[in-house]
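Chemist: Take a look at the letters that make up each chain.
There are 2 protein chains.
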Amino acid sequence: MTVHHHIENSKMETIEKQLKNAAKATTAIQSLSDQQKQALLLALALRLRQEKSAIITNNRQDLDKMDDADPKKDRLLLTEERIEALAESLEDIAKLPNPAGVVLLERTLDNGLSVTKKTVPLGVVGVIYESRPNVTIDVAALCIRSGNVCLLRGGTDAFHTNTILTKLIHETLAQFELDENIVQLLPTDRKHVDELLSATQYVDIIIPRGSQQLIDFVRNHAKVPVIETGAGVCHTYVETTAKLQQSAEIVANAKISRPSVCNALDTVLVDRTIATSFLNILAPLLAAHEVEVFADDSSFDVLSTAGYPHLNVATEEDFGREFLALKCSVKVVADINEALKHIHRFSSKHSEAILTEEPALQERFLNEVDAAAVFVNASTRFTDGGVFGLGAEIGISTQKLHARGPFALEKLVTEKWLIKGTGQIR
Amino acid sequence: MTVHHHIENSKMETIEKQLKNAAKATTAIQSLSDQQKQALLLALALRLRQEKSAIITNNRQDLDKMDDADPKKDRLLLTEERIEALAESLEDIAKLPNPAGVVLLERTLDNGLSVTKKTVPLGVVGVIYESRPNVTIDVAALCIRSGNVCLLRGGTDAFHTNTILTKLIHETLAQFELDENIVQLLPTDRKHVDELLSATQYVDIIIPRGSQQLIDFVRNHAKVPVIETGAGVCHTYVETTAKLQQSAEIVANAKISRPSVCNALDTVLVDRTIATSFLNILAPLLAAHEVEVFADDSSFDVLSTAGYPHLNVATEEDFGREFLALKCSVKVVADINEALKHIHRFSSKHSEAILTEEPALQERFLNEVDAAAVFVNASTRFTDGGVFGLGAEIGISTQKLHARGPFALEKLVTEKWLIKGTGQIR
Chain W
1 MTVHHHIENS
11 KMETIEKQLK
21 NAAKATTAIQ
31 SLSDQQKQAL
41 LLALALRLRQ
51 EKSAIITNNR
61 QDLDKMDDAD
71 PKKDRLLLTE
81 ERIEALAESL
91 EDIAKLPNPA
101 GVVLLERTLD
111 NGLSVTKKTV
121 PLGVVGVIYE
131 SRPNVTIDVA
141 ALCIRSGNVC
151 LLRGGTDAFH
161 TNTILTKLIH
171 ETLAQFELDE
181 NIVQLLPTDR
191 KHVDELLSAT
201 QYVDIIIPRG
211 SQQLIDFVRN
221 HAKVPVIETG
231 AGVCHTYVET
241 TAKLQQSAEI
251 VANAKISRPS
261 VCNALDTVLV
271 DRTIATSFLN
281 ILAPLLAAHE
291 VEVFADDSSF
301 DVLSTAGYPH
311 LNVATEEDFG
321 REFLALKCSV
331 KVVADINEAL
341 KHIHRFSSKH
351 SEAILTEEPA
361 LQERFLNEVD
371 AAAVFVNAST
381 RFTDGGVFGL
391 GAEIGISTQK
401 LHARGPFALE
411 KLVTEKWLIK
421 GTGQIR
Chain Z
1 MTVHHHIENS
11 KMETIEKQLK
21 NAAKATTAIQ
31 SLSDQQKQAL
41 LLALALRLRQ
51 EKSAIITNNR
61 QDLDKMDDAD
71 PKKDRLLLTE
81 ERIEALAESL
91 EDIAKLPNPA
101 GVVLLERTLD
111 NGLSVTKKTV
121 PLGVVGVIYE
131 SRPNVTIDVA
141 ALCIRSGNVC
151 LLRGGTDAFH
161 TNTILTKLIH
171 ETLAQFELDE
181 NIVQLLPTDR
191 KHVDELLSAT
201 QYVDIIIPRG
211 SQQLIDFVRN
221 HAKVPVIETG
231 AGVCHTYVET
241 TAKLQQSAEI
251 VANAKISRPS
261 VCNALDTVLV
271 DRTIATSFLN
281 ILAPLLAAHE
291 VEVFADDSSF
301 DVLSTAGYPH
311 LNVATEEDFG
321 REFLALKCSV
331 KVVADINEAL
341 KHIHRFSSKH
351 SEAILTEEPA
361 LQERFLNEVD
371 AAAVFVNAST
381 RFTDGGVFGL
391 GAEIGISTQK
401 LHARGPFALE
411 KLVTEKWLIK
421 GTGQIR
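Read top to bottom, the protein sequences are chains W and Z.
The numbers in our numbering rise by one with no breaks, and the one at position 171 of the first sequence is 171.
The numbers in our numbering rise by one with no breaks, and the one at position 19 of the second sequence is 19.
Don't read these hints as lab results, they were simulated from the structure.
A couple of the hints might just be wrong.
The list treats identical chains as one, so a pair stands whether inside a single copy or across any two.
Unchecked claim - Below are the EDC-like pairs computed for lysine to aspartate or glutamate, each with C-alpha atoms no more than 20 angstroms apart in a straight line:
#1 Lys118 <-> Glu410
#2 Lys341 <-> Glu363
#3 Lys223 <-> Glu195
#4 Lys420 <-> Glu358
#5 Lys191 <-> Glu13
#6 Lys420 <-> Glu357
#7 Lys24 <-> Glu290
#8 Lys223 <-> Asp189
#9 Lys95 <-> Glu415
#10 Lys327 <-> Asp297
#11 Lys223 <-> Asp194
#12 Lys327 <-> Asp216
#13 Lys341 <-> Glu368
#14 Lys420 <-> Asp384
#15 Lys118 <-> Asp384
#16 Lys243 <-> Glu180
#17 Lys420 <-> Glu368
#18 Lys52 <-> Asp179
#19 Lys191 <-> Asp64
#20 Lys65 <-> Glu290
#21 Lys20 <-> Glu338
#22 Lys118 <-> Asp68
#23 Lys341 <-> Asp297
#24 Lys17 <-> Asp189
#25 Lys118 <-> Glu368
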């Protein structure tokens, strides 16, 4: 091995240069006016539309390496329609209000000091994600819009797709005479993840987006602050005064409308008094979509009497389980106390619902359940940045610091205190 | 060893029971009205005043074990006056606005869903700190006021003092028929710190308060989210248009008024054009307090010509160093670009200042410096929750998530989305 080779190899074995360049690029992105950032996103939308066939060609290279039965294949697939949706998402993000530069507090102290607290970009945002290529565009756009540099560490499966998407982003940045390091794709080797997670000197925040396994790994290894966008183990409790037909429709919707997402229902808790009548209304709605049910003893009796075709006896593991599929668990509870206790024990603090017509119980549930989103008489499927009016989201945060619930553009900022004086001393 | 002994030992070897009890106690503290929380703090203030001599007796037990030369001895000392100040601090915290229950957003969606985002207590707050006993009272009071349970892990040095303070808190909680686990003192063994840092199931946030070593340890080992209240490496840049006499007074104040705190000045950057005249005004102000100066070559020449009595040649380590003493470093810079570059390299992102009469340079400095607090023509010593009107603070956060700058009562909350419907499905 020559010395030259040796140097080249050691260069490839670290991403420090990329991390340093990211920290430097914060100056470039923050020098843009809000109008320029909007123009940049619109220019990128145009590039995506112009390069649809090139994107599809690259995407096919990734797809060809995958097994047809792999469920990730559909998530990775880009079609003309999906690329159009990406371009439209860029236009939507361009229309959102600028989250940076918002004055949060302004006061003049008795000594004459003028104190202002305002929002400013975070700096360098690292995102670690799996196969969805729309994350590449959404995260880059949200970071540009909020004045942040972003480091994208996508999955190996999406390598060619992410490479062309990043190339188009770089071409657009170049069009605006901007530092390409504002958006960088990191190599997919596992060892570089560790380097990213430890880079407190260069990276301000890391967001893991994907499986619980990925999130756990990041939380347990990161020295850089992390925002978790976690799993949703979501319960819906049907109380005695609930409107039964309406409640069955809410429960069915929460399970069936999109079972693979984090705000989908996992467990139905039903009050003993109404268990038989409610489950008899619910059963045909779930059966129509072949939902596999894991039932506790009481609900098993009711559902087997009703002839429910996809019935199992629930084991302890079926409670507190995120199914991400057309499956759910059912449990009969004595009252709201037992329901709250069950939720407290098994909830992942994402989205929880009570269905009841009793105002005092609605308030009690809203107050006592510790979760990002708590619902009364509605489907947990509504937990979503777009639905709540925040625009595209990076994920649903299930932790309590900084952002809770939909983590969208408005939270890609930090605060800065600005103090102007005329010679004040303390 | 008997079986009985063995059981006792294994009980002592884990704090899981305490952590579980903390999580359970959140219900009790959150069931209080705001008025009850205020009353509780006032009752505690009364207890402190009544038990002054008992507190002082316990405090003496801790002090007697310390070397007289130990600088921690003064920090640990409680006198009648200091206990009175603790009681007054409780009264101040009782007067602050309730940070929980604040409506941050309220909207009705097109489908009729009513969406509200409001602030709610975090849950269980863990604080790891060193010898100051006022932290015990301040943290307990801020947590009670905001509806949080707190776990206090104080230093071994303050064991007897913290024990009696916690006992008085428990007696006051009992007076209100409240769960004593709302405020708990954790054992001081090092191994329990690891257990606390990993307790994601029971603890919502950990705040380390103390030395950089402690903070680094917590950041590197915690799985529970952490708010760092970090070291301050604070610069003041004196630009050519600065009013020289005023600037010298600001610099001297920033160094001398309380050198042991994080917002004290560490490095003076002075523009080449005015270096000689400025340093000649500054020198006697620093000399009057025997400030030891570590000067770069240019400023060394000026200060040694001026006969400055406590002068050293600065080494590379004297920049980016938090002195926490009557010491500072001085560097002559060519212009604002060099000053910004130096600050970017060495700042701990706490408090930074520019002294200049040029509005464009003021704006540039305010925009480009990445720090929690950025000052124009004032002393960095003003970075403080009390000064900024936020009340008592847990520390100054130098990180970017959740809280930046003074971390006070207002930030001891998270958010919760509450959604009320009438049967909406997605």
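Chemist: Which earlier hints turn out false for this structure, listed by number in ascending order?
Modeler: Result: hints 7, 9, 12, 16, 18, 19, 20, 22 break, sorted rising.
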